[in-house]
Amino acid sequence: MTVYLLRRLFQAFGVVVAMSVLVFVGVYGIGNPVDILISPDADQMERERAIRALGLDRPLWEQYVWFVANALQGDLGRSFAYNEPALQLILQRMPATLELAFAAMILAVAIGLPLGLYAGLHPHSPASKAIMAGSILGFSLPTFWVGLMLIMLFAVHLGWLPSNGRGATAEFLGVQWSFLTANGLAHLAMPAFNLALFKISLVIRLTRAGVREAMLMDYVKFARAKGLSPRRVTFVHVLKNILIPVVTVTGLELGGTIAFSVVTETVFSWPGMGKLIIDSINRLDRPVMVAYLMIIVLMFVVINLLVDILYTVLDPRVRIEGKAA
Amino acid sequence: MSLTLEVRGLRTHFFTRAGVVKAVDDVSFSVARGRVLGLVGESGSGKSVTGFSIIGLVDPPGRIVSGEILFRGRDLTRLPEEEMRQLRGNRIAMIFQDPMMTLNPVLRIDTQMIETVLAHAKVSREEARARARDALGMVGIPSPEERLSAYPHQFSGGMRQRVAIAIALLHRPDLIIADEPTTALDVTIQGQILAEVQKLAAETGTSLIWITHDLSVVAGLADEIAVMYAGKVVEHGEVSAVLDSPLHPYTAGLIGSVPSRNARGARLKQIPGMTPSLLNLPPGCAFRSRCDRASPACEADPPMRELAPGRNARCIHPLLPAEA
Ligand SMILES: Nc1ncnc2c1ncn2[C@@H]1O[C@H](COP(=O)(O)OP(=O)(O)OP(=O)(O)O)[C@@H](O)[C@H]1O
Ligand code: SF4
Ligand SMILES: [Mg+2]
Numbered sequence: 001m002t003v004y005l006l007r008r009l010f011q012a013f014g015v016v017v018a019m020s021v022l023v024f025v026g027v028y029g030i031g032n033p034v035d036i037l038i039s040p041d042a043d044q045m046e047r048e049r050a051i052r053a054l055g056l057d058r059p060l061w062e063q064y065v066w067f068v069a070n071a072l073q074g075d076l077g078r079s080f081a082y083n084e085p086a087l088q089l090i091l092q093r094m095p096a097t098l099e100l101a102f103a104a105m106i107l108a109v110a111i112g113l114p115l116g117l118y119a120g121l122h123p124h125s126p127a128s129k130a131i132m133a134g135s136i137l138g139f140s141l142p143t144f145w146v147g148l149m150l151i152m153l154f155a156v157h158l159g160w161l162p163s164n165g166r167g168a169t170a171e172f173l174g175v176q177w178s179f180l181t182a183n184g185l186a187h188l189a190m191p192a193f194n195l196a197l198f199k200i201s202l203v204i205r206l207t208r209a210g211v212r213e214a215m216l217m218d219y220v221k222f223a224r225a226k227g228l229s230p231r232r233v234t235f236v237h238v239l240k241n242i243l244i245p246v247v248t249v250t251g252l253e254l255g256g257t258i259a260f261s262v263v264t265e266t267v268f269s270w271p272g273m274g275k276l277i278i279d280s281i282n283r284l285d286r287p288v289m290v291a292y293l294m295i296i297v298l299m300f301v302v303i304n305l306l307v308d309i310l311y312t313v314l315d316p317r318v319r320i321e322g323k324a325a
Numbered sequence: 001m002s003l004t005l006e007v008r009g010l011r012t013h014f015f016t017r018a019g020v021v022k023a024v025d026d027v028s029f030s031v032a033r034g035r036v037l038g039l040v041g042e043s044g045s046g047k048s049v050t051g052f053s054i055i056g057l058v059d060p061p062g063r064i065v066s067g068e069i070l071f072r073g074r075d076l077t078r079l080p081e082e083e084m085r086q087l088r089g090n091r092i093a094m095i096f097q098d099p100m101m102t103l104n105p106v107l108r109i110d111t112q113m114i115e116t117v118l119a120h121a122k123v124s125r126e127e128a129r130a131r132a133r134d135a136l137g138m139v140g141i142p143s144p145e146e147r148l149s150a151y152p153h154q155f156s157g158g159m160r161q162r163v164a165i166a167i168a169l170l171h172r173p174d175l176i177i178a179d180e181p182t183t184a185l186d187v188t189i190q191g192q193i194l195a196e197v198q199k200l201a202a203e204t205g206t207s208l209i210w211i212t213h214d215l216s217v218v219a220g221l222a223d224e225i226a227v228m229y230a231g232k233v234v235e236h237g238e239v240s241a242v243l244d245s246p247l248h249p250y251t252a253g254l255i256g257s258v259p260s261r262n263a264r265g266a267r268l269k270q271i272p273g274m275t276p277s278l279l280n281l282p283p284g285c286a287f288r289s290r291c292d293r294a295s296p297a298c299e300a301d302p303p304m305r306e307l308a309p310g311r312n313a314r315c316i317h318p319l320l321p322a323e324a
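Chains D and W are the protein sequences, given in the same order. This note's numbering numbers the first residue of the first sequence as 1 and each following residue consecutively. This note's numbering numbers the first residue of the second sequence as 1 and each following residue consecutively.
What the hints contain is simulated information worked out from the structure, not anything from laboratory work. Fair warning: there could be bad hints in the mix.
[Stated by the list, open to error] A few chain D positions that, by computed beta-carbon distances, are all more than 10 Å from chain W: (1) G74; (2) L141; (3) I151; (4) L228; (5) V236; (6) H237; (7) I244; (8) D279; (9) V301; (10) L310; (11) L314.
[To be verified] Selected chain W positions facing chain D (in silico; Cβ < 7 Å): (12) F15; (13) S48; (14) G89; (15) M101; (16) H120; (17) V123; (18) R147; (19) L148; (20) S149; (21) H153; (22) F155; (23) S156; (24) G158.
[What the hints assert, rightly or not] With a cut-off of at most 30 Å between alpha-carbon atoms, the simulated DSS-like pairs for lysine-lysine come out as follows: (25) D/K129 with D/K240; (26) D/K221 with D/K240; (27) W/K199 with D/K240; (28) W/K199 with D/K221; (29) W/K199 with W/K122; (30) W/K199 with D/K129; (31) D/K275 with D/K129.
Predicted model, so just to flag it, every value in this text is computed and none were measured. Here a beta-carbon is modelled for each residue, glycine too, at the ideal position from N, C-alpha and C.
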């Protein structure tokens, strides 16, 4: 187990290094921030001073070494636009995004798992067919369009829910959170549901497929032949097996949810990282883009690592093999 | 001789999109207390479906269409599901063919055994665990206390089947339906398990239905034999009588294809042709396309007839004892 973990950690480190090179080269190879950041009226002297101040005159590899050395000290450069440390800028907005992403994942599991379970246990009932039709919509409707429709319905027509911002927040662990106040929760509801929609469909389909497969397995029939109650068969024998793929996939989706909350944050003016990165791309604010991408990479790697560990805990077969390795 | 189980005219059909599959079609037999019935037949003849019908686990699109399953006098086909559940794993137990698939891979052995005890007995967890441990010891699993907290994949196939048998024995059932429990195991282990199950069943007075397509297994184990073909019992009688002088051409063909009964080096006599599809099976003897005794009379359903004392067969032109 320890060996397995060490090996996974080493792999994770390799991924981060490789991505840092890719991200850096990718971002520094496009556009010319000088044109954007320095007023066209500025004279040559001013331009050169600005270029030197931003480190843009150094060769690419030197900029990279400088970037890594600084990154290790938690300095991912200063935003051209805000003249603030890029990392700080992002970290300030991270709680909002994390809150949105976690709320979406919780909704996905809380709604998707029971619906998928029902659809798997009663595959031919009309309710199951409705659930499956709904999940197809959840997959295929574009997020921004659904977001706008939600706003039209719940904010404009019905006036039940606010349509932008985080609303009132309360402090917990030194960070502001929306979910701690009623007003904040109301603000969180629509964007979280919007972001969750795709995941709900995913969880429904995964769960249903898993249940239908498990119901045909001998071990389920044997469990029934032992005279167990249907409840125990479903919630212990079936659920415990399908939790493995569901947890793995939802866990892996978390990284994606965080990374791609961009659309939802834009539609609902949710002040998270996604909105920041869109603004930064428009301004070619490279340090912020690099810092954002690095944080996302780091987050993906950490999440995958955690999912692996969780998977190991859930599936005894992997656990033992890992031990032997 | 008191009967543990009496099946009368059982029909279990599957209503599929392609048509009705008459997997079990008018099957009757009985098993007395402490006796072993061998249920024999080729793949697809309806042996498993018969077993699942008895224990009440036929899933849609399948359904028991008619017939009676009298278990200690009670008709199981009329029993409410909750009462049926109380019998399952308690008075009637089942062992499946593939030991690699029958135990839940993500639950520990103790979990899977204790839940079975608690499903039918009001005892403490400690007591349930103790019973589970004793059952493991009884089927010959070494250091049962330690093995209890293992997962199924830490056991070999033979050991897993022993665990499944231990689970079946937990409540000392009146009837165990063993659906080819040794087919997936190698010959030595097969022999050990057969011997042990026979011993345990004899000790506890448990009746056994041993499903198999291997006549040599039945020869050493069963008291009676019922041969199934295309959803019907075609021959039924005492094991030695049936094996020595089969009445039904299909039984004779099966015996001809058992290696030990042929001369060394001789080619196995195969029954020519294939099992007919059970989907929309035409009336008449289902074996007639493969039968060398078939005549136009066989196009009408042959009834089950008692041809000699205790010897029943479903054939218009049965073999005479001298012919077999
Ligand atoms: N769920 C189902 N839907 C449709 N037909 C089924 C279903 N289950 C079983 N059958 C049919 O019932 C028939 C009998 O099946 P059964 O499993 O009882 O055979 P068997 O004698 O146990 O064979 P084997 O030796 O292969 O286990 C088969 O022809 C099969 O196609
Ligand atoms: S009834 Fe006719 S076809 Fe069927 S087994 Fe007997 S002789 Fe053969
Ligand atoms: Mg079978």
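Hint check:
1. G74: holds, 42 Å
2. L141: holds, 33 Å
3. I151: holds, 43 Å
4. L228: violated, 5 Å
5. V236: Violated: least Cβ distance 7 Å, not greater than 10 Å.
6. H237: Incorrect as stated: the minimum Cβ-Cβ distance to chain W is 5 Å, not above 10 Å.
7. I244: violated, 7 Å
8. D279: It holds; D/D279 is separated from chain W by about 47 Å at its closest Cβ, greater than 10 Å.
9. V301: About 27 Å separates D/V301 from the closest Cβ of chain W, which puts it past 10 Å; holds.
10. L310: holds, 14 Å
11. L314: violated, 7 Å
12. F15: This hint is violated: W/F15 lies away from chain D, its Cβ roughly 13 Å from the closest one there, beyond 7 Å.
13. S48: violated, 10 Å
14. G89: Result: holds, 3 Å to nearest chain D Cβ.
15. M101: holds, 4 Å
16. H120: This hint holds: W/H120 lies near chain D, its Cβ roughly 6 Å from the closest one there, short of 7 Å.
17. V123: violated, 15 Å
18. R147: Violated. Min distance 14 Å.
19. L148: violated, 14 Å
20. S149: The hint is violated - W/S149 has no Cβ within 7 Å of chain D, the shortest such distance being about 11 Å.
21. H153: holds, 5 Å
22. F155: violated, 12 Å
23. S156: violated, 15 Å
24. G158: The hint is violated - W/G158 has no Cβ within 7 Å of chain D, the shortest such distance being about 17 Å.
25. D/K129 with D/K240: holds, 25 Å
26. D/K221 with D/K240: holds, 15 Å
27. W/K199 with D/K240: Violated - the C-alpha atoms of D/K240 and W/K199 are around 36 Å apart, more than 30 Å.
28. W/K199 with D/K221: Since the Cα atoms of W/K199 and D/K221 sit roughly 27 Å apart, the hinted pair holds (cutoff 30 Å).
29. W/K199 with W/K122: Holds, at roughly 28 Å.
30. W/K199 with D/K129: violated, 52 Å
31. D/K275 with D/K129: With a Cα-Cα distance of about 37 Å, the restraint between D/K275 and D/K129 is violated, given a limit of 30 Å.
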